[in-house]
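Chemist: One letter stands for each residue in the lines below.
There are 2 protein chains.
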Amino acid sequence: MPKTKAAIVAVGTELTTGFVRDANVYYLAKELDALGIEVTTTTMLPDDRPLMREVFLEAMRRSQIVLVTGGLGPTEDDFTKDVLLDLFGGTWHEDAKTLERIKMLLERRNLPLTTINRQQAVVPSSAEVLPNAFGMAPATLYRYDGGILVSMPGVPAEMRGIFETELRPRLASFAGGIIHQQLYVFGVAESLLSARLRDWSSALPEGMALAYLPSMGNVCLRVSYNKELVGSSTVTERMQELYHLLEGEKLLHTDLSFPAYIVNTLTERKQTLSIAESCTGGLVSGKLTGVSGASKVYRGGICTYINAIKEQELSVPHEMLEKYSAVSAPVAEAMARGVREKFGTTYGVATTGYMEMAGDANMTGEVYIGIATQQTVFAHHFVLNQNRQGNQEWSVDRALVELMLVLLP
Amino acid sequence: MPKTKAAIVAVGTELTTGFVRDANVYYLAKELDALGIEVTTTTMLPDDRPLMREVFLEAMRRSQIVLVTGGLGPTEDDFTKDVLLDLFGGTWHEDAKTLERIKMLLERRNLPLTTINRQQAVVPSSAEVLPNAFGMAPATLYRYDGGILVSMPGVPAEMRGIFETELRPRLASFAGGIIHQQLYVFGVAESLLSARLRDWSSALPEGMALAYLPSMGNVCLRVSYNKELVGSSTVTERMQELYHLLEGEKLLHTDLSFPAYIVNTLTERKQTLSIAESCTGGLVSGKLTGVSGASKVYRGGICTYINAIKEQELSVPHEMLEKYSAVSAPVAEAMARGVREKFGTTYGVATTGYMEMAGDANMTGEVYIGIATQQTVFAHHFVLNQNRQGNQEWSVDRALVELMLVLLP
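Protein sequences, first through last, are from chains A and B.
The working numbering applies: residue 30 is where the first sequence begins, and numbers increase by one.
The working numbering applies: residue 30 is where the second sequence begins, and numbers increase by one.
Hints were generated in silico from the structure; no laboratory data involved.
Quick caveat: nothing in here was measured; it's all calculated off a predicted structure.
None of the hints are false.
A pair counts as met if it fits within one copy or between any two copies, since identical chains are not told apart.
Mimicking DSSO-like on lysine-lysine, the simulated pairs with C-alpha atoms at most 30 Å apart in a straight line are:
1. K132 to K279
2. K352 to K325
3. K34 to K110
4. K371 to K325
5. K371 to K352
6. K34 to K256
Bound-form chain A, shown alone (with noise of 0.2 Å):
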């Protein structure tokens, strides 16, 4: 369907050790997938040449744009140079710009200049180069027949500066034209929704698809179409098809994430909110805080980690810890009345519960989800299934899933 595929290949043997989580590649798809660009694979592997000659190959022959990020560090398991030099040809060139902007780095650091340090201004001849604003090794860029390849640092900061100045300006000319639409139904099953909706998505026109992209008590209905191929006027009979069969349905049409929809919606209506995490420990709160204008909502929230902490913090009376203990319905409601309370605000979403149990196989762990707003206060229950870490990110997810249903129109 896209005019233009891209592929992205991340070199380190931090990642396929699983020492280090990547980043990256997650950062690339993103937004390669906001400028219309197909991404056919993304590769990660380790540092190991003939390897990583034979997957540069591939992404080269799968796709028009090729980013690598990785194995350009000072140390002598770092080899991307190497093979791009072979694969495209050239000898080593020392570039006199990256070597100011080296010596740059250092001055303010007040290091000298060694000869691994100098190493980084070497690049192939046959590159051009790209500066790196945050870091000592530059980006460098080759042409093959109808596409380029781009190699970078794999140090986040310096990738994502090098994408945002140099990158994305010079693949706006590659972009796909492929647009999103995404229409989130919230309690249907995926395998229900797909029942309904089948003989809809089969008799889409060319260029014009749906993905089901299922997660937290929702699945995403993704519809893409190609503005070149597909006329808007068919775009909007086909929407409106879908929303005819989804009629009765709790909907939500977006492009933002979860956490920003809250954060937009309680801006919006003046609103504020305050959190009590027990079990999520303060993920709930991050997440929140990681979308840009939190504060103009997000008044502060508390861990209460221990049962001596509810009581001293949220006063949560004592006798309903001991009658019900801390992971029950009564406490959550307690907790998410006393955390709104506290900090004075509209809505209170608070947290308690195991992210750990030993004995049942169908259930590793359980939390209560504790909502008050000006009206009511309630509690949902919910049965964990995963490790310590998959059931809090479970239950992080629910928590905003749960603050969503109550903010929905």
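Add chain B to chain A, keeping to what the hints say.
Modeler: Leaving out everything else, chain B in the frame of chain A:
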């Protein structure tokens, strides 16, 4: 160096468009590494039949173990099974045990058995079926010359469940005999370390290797060896040489993550911790509560996202906020002191900063990290240069490293 190689393939348009951040590849890479199995490539690709076929074949050519996740959903954009039938042959076959399990799961949720549900029990007759304790779609295992390919659902909880109960025991027989030792060096740049260790590292015997894994404020030196090629006396000797070369540096030899190291160390010393967060919004607290047993040492945290709450909850003097602003060393120190007193803990950690700032390309934000101990209170200042999310992640990691430096022997 290792005998057994594995490839990981994650299928799903939601991954290559950046709609969701991968968790499965990261999990599997870590697990395979722990088994001493080397990962050659990890590939993510959209739900695209010809491309899936191509990528599966590449993975099988490179590796004796291929782990595939995703593409097993009930919707019309899920093709993994079709591609595997095509590759490994056989006919469609309804697996009786899987059908039983599906019926049971549906009964539990009071749902009828639909054609789409029933379809989940249909697998290629060439497959060995591995049961999925947490969902409908089973995993399937295929054999090829000297290797196995396993297809698992993409839902993280289901995939992890299958890996833990079915796959890990089978993979033990492939285990590569690779052992890792991790030595963290704090406060030395990777380039300087590399210069110092180059001779040592290039003289390592066959079957022993050094990798540099730089992260926040430290470089992890990861020494890997194949225990069938390198004797234990050689390993001891070489590690002693390494320690000798690093004499005088702040070192830590551990397999633990930093949050786990912090929780373990505080538990051993019978000490406690509390955290006050502004700009990091609860994420430092969240990292610590991700560790099993955190409740023994972590009493609680508070996210004071606006000034009034800093005064109300942490007794930061109003005049101090007026005079120095909330993003300042005195306020970071007052917050650390305030939270330590509020929760009655051995240590208090505080963060305050700007995660977004316009104007200066070399400074997109700044953060002060305050630490209060029984003896002293101090704050350190850091300039940030990523986007909002990157700056937040950086600040979280830095706060953990600041606490690590206080706890290191």
